[in-house]
Amino acid sequence: MISLIFQISIMSKLSYPHFLPKHFFVLIFAFLLITSSCRIQLIADYDANISEQIERTAMKVERFYLTMLETTTVENNGRAYDHFTEGYIDIEVELISLLNRNQVRPLNENSVRICEITLELWQKYKLEHKEDNSISDGVIGLNRLTFSDLFFAMQVAERAKELID
Amino acid sequence: MSEFNIDTTLKEMADAIGDTISKDKEKIKEIIVEILNRRKERMKMLVELRITGDLTQQRFESRLEDEKKVLEAEFNAIAALNKAMVQKAVNAALDVLTKTVRALL
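These protein sequence lines map, in sequence, to chains E and Z. Numbering of the first sequence is given in the UniProt record's numbering, commencing with residue 1 and proceeding in unit increments. Numbering of the second sequence is given in the UniProt record's numbering, commencing with residue 1 and proceeding in unit increments.
FYI, nobody ran anything at the bench for these hints, they're computed from the structure. Heads up, a few of these hints could be off.
[As the list claims (entries may be wrong)] Cut-off 27 Å, straight-line C-alpha distance, at most; resulting in silico cross-link-like pairs (DSSO-like, lysine-lysine):
1) Z:69 to E:130
2) Z:29 to E:161
3) Z:99 to Z:23
4) Z:68 to E:130
[Claimed, not checked] Listed below are several chain E residues computed to face chain Z (Cβ distance under 8 Å; list not exhaustive):
5) 42
6) 138
7) 141
8) 163
Heads up, the beta-carbon is just placed ideally off N, CA and C, and yes, glycines get one too.
Kindly generate the complete structure, drawing on both the sequences and the hints.
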């Protein structure tokens, strides 16, 4: 009934001489649009708490590697894995938390994949440190750069909607 | 009393999409350039570490494999930006349609 009234109302205002059935369906669609405030959503809404957690975790990683670089040397087992176990665990917990928080959000597969890659590489470099029981200044620098770039990607994905708006 | 002209409405919707995309593509370009510059630094350091011997050949090759994953992460960030841009553009077009139809009622 509503559709019929709507059709009559619209038909009287059309500039087309021949009102075809397909036009009617277009108009019904339009009517539904305005009554249901239709908008599409392709990506999860920006979450300030997750953005803050990404920033915090990125800073923890920076502090972890900078402390390693500035306060220890490879001599005398100064960079033995055991000295850094707690730091590795602390950051891994943060990365798992970030992954879990992203996984429960709909339309968020890009952020989830970035978190998975970051966690995978964190665990891999931790294992390499454990196997070698040492780590050079150069590798610390490379790891810092790699994780800084991954956190940048994570932050871009999280803030995508905000950056565009 | 306003009249409904589907051609005009479609043109306005297309214009809304075009305007939105042309504004946003510059922002996306800046971010892609930033990502590429970061990648350049990383690759440079990777080669230097192989030359200095900080990385064995095996570890160097392993790190090159890791680079593919980092690249995948970076493409995911760009994909998220593109989705945000498309979402904004389509919603701008839907707003045009909504306003047009609302004016008719």
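* Asked: Which of the listed hints are not met by the structure?
  -> none
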